Amino acid sequence: MAGSSRHRVAVLALDQVQPMELGMPFQTFGMHERRYEVILCGRTAGPVETISGWPVVTPHGLDQVVTADTVIVPAYGGFQQDTPPDATDDVADALREAHARGARIATICTGAFALATTGLLDGKRATTHWLFTDELARRHPRIEVDPGVLYVDTGSLITSAGVASGIDLCLHLLRRDCGAATATAVARGIVAAPHRDGGQAQYVTHPAAPPDRSELSATLEWALHRLDAPLTVADLAAHAAVSERTFARTFTAQLGVSPIRWLTAARISRARELLETTDASVDHIGRACGLGTPANFRHHFRQATGTTPTDYRRTFSAR
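Using full-length UniProt numbering, read the sequence shown as starting at 1 and increasing by one per residue.
Don't read these hints as lab results, they were simulated from the structure. Treat the hints loosely; a few may be bogus.
FRET-style restraints, in silico, Cβ to Cβ [unchecked claim]: (1) Arg6 - Gly119: 23 to 33 Å; (2) Arg8 - Asp283: 56 to 66 Å; (3) Gly102 - Asp311: 35 to 45 Å; (4) Glu33 - Glu244: 41 to 51 Å; (5) His284 - Val191: 29 to 39 Å.
All figures in this text were calculated on a predicted structure; none of them were measured in a lab. Even for Gly, the Cβ is constructed at its ideal location relative to N, Cα and C.
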C-alpha cells in the first residue's frame, strides 16, 4: 500500500450474484477512498442477474479483473449447477492470470466455487458457507475444506464463510493493508465488530444456556476496559454472576472460541492499535494490554501477526 497510487479492488459479479455480498467490498474499502479504488466487473461489461431477480450493470469486464491488485468474488447462485455458467474457462483463466501477476484473490461465501475451478486452492485450506462445505469438498477433493471457520487466509488466497463473514473478510484485508487502527475506524463507521478472529465458529449448533447474550456482552465490554488486569475465566464468570463452568461453556457456544483465546486476541488487537497510534515503549504496551513480560508479549504477538511488535510499528505507525 506504499506510494501514492491507489490499490485497485475488482469485485467480480457472476451470474445470480448475491446483492448483499456484492455491496460489502464497496462499503468497507469505499470508506477509505484515498488508498483504494473499487470497481465492479462481470464477464463482460453490462447487466448481470442477481439472485433476487433484478440486474446490476457492471461497467467493466474480465480485462480489469486481470490487472487488479485484489479480486473479490462474492456469493453467486450459479455455482449450484455441476458446471456453473459463470465458472467457465474465461473466468477461471482471468483469475489464474490475475493471481500469476501478483493479485490476491478473496471470495465471499459461495464465491469459493469459482476460485476452486482454477485449481489455485488445491492442497490448501479453504472455506465457504457451512451449508455448502460438503459440496465444495465433493467437487474439489484436493482442497482441504474447513467448515467451522469464518475465513481462511493462505496469503494470496483468502476464502470466507457466508453473509456477515464477508464483512470480517474485508476488515481483515484492511487490517493487513493499513493496520488495526484503520480497520477499527472503518468498522466503527459501518457499525460492525472491529475484529472477529477467522478461527471463530460459523454457527452455533445448540442454543446456549444462560447467561443470555446481553449479559455476556456486558461482561465482554467490562473485560475490554480491563485488559491490563490479570483477568481469569473465574473473574469473567463472577462478573456474569454464573459458575465458571457455565460461563466457559456458554462463552464457547456463543463465540466459537474459549474465553482465554478471546482475551488474548483482544489484547493483541489493542496492542496493535497502541503500536500504531502512540509512542509508548513496546514493554509498556505489553504490560498495558495484560500480555506480561516483554518475552511473553513478543511470543503472543508474533504468533498472532507473524511479526514482532517493533517491526509491526515500523510498518504501520507512519500510516
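Tested hints:
1. Arg6 - Gly119: 23 to 33 Å: The hint (23 to 33 Å, Cβ to Cβ) holds, given that Arg6 and Gly119 are roughly 30 Å apart.
2. Arg8 - Asp283: 56 to 66 Å: 40 Å Cβ-Cβ, so the 56 to 66 Å window is violated.
3. Gly102 - Asp311: 35 to 45 Å: violated (22 Å)
4. Glu33 - Glu244: 41 to 51 Å: Holds: the Cβ-Cβ distance is about 47 Å, inside 41 to 51 Å.
5. His284 - Val191: 29 to 39 Å: Taking Cβ atoms as reference, His284 and Val191 lie about 32 Å apart, which means the hint holds.
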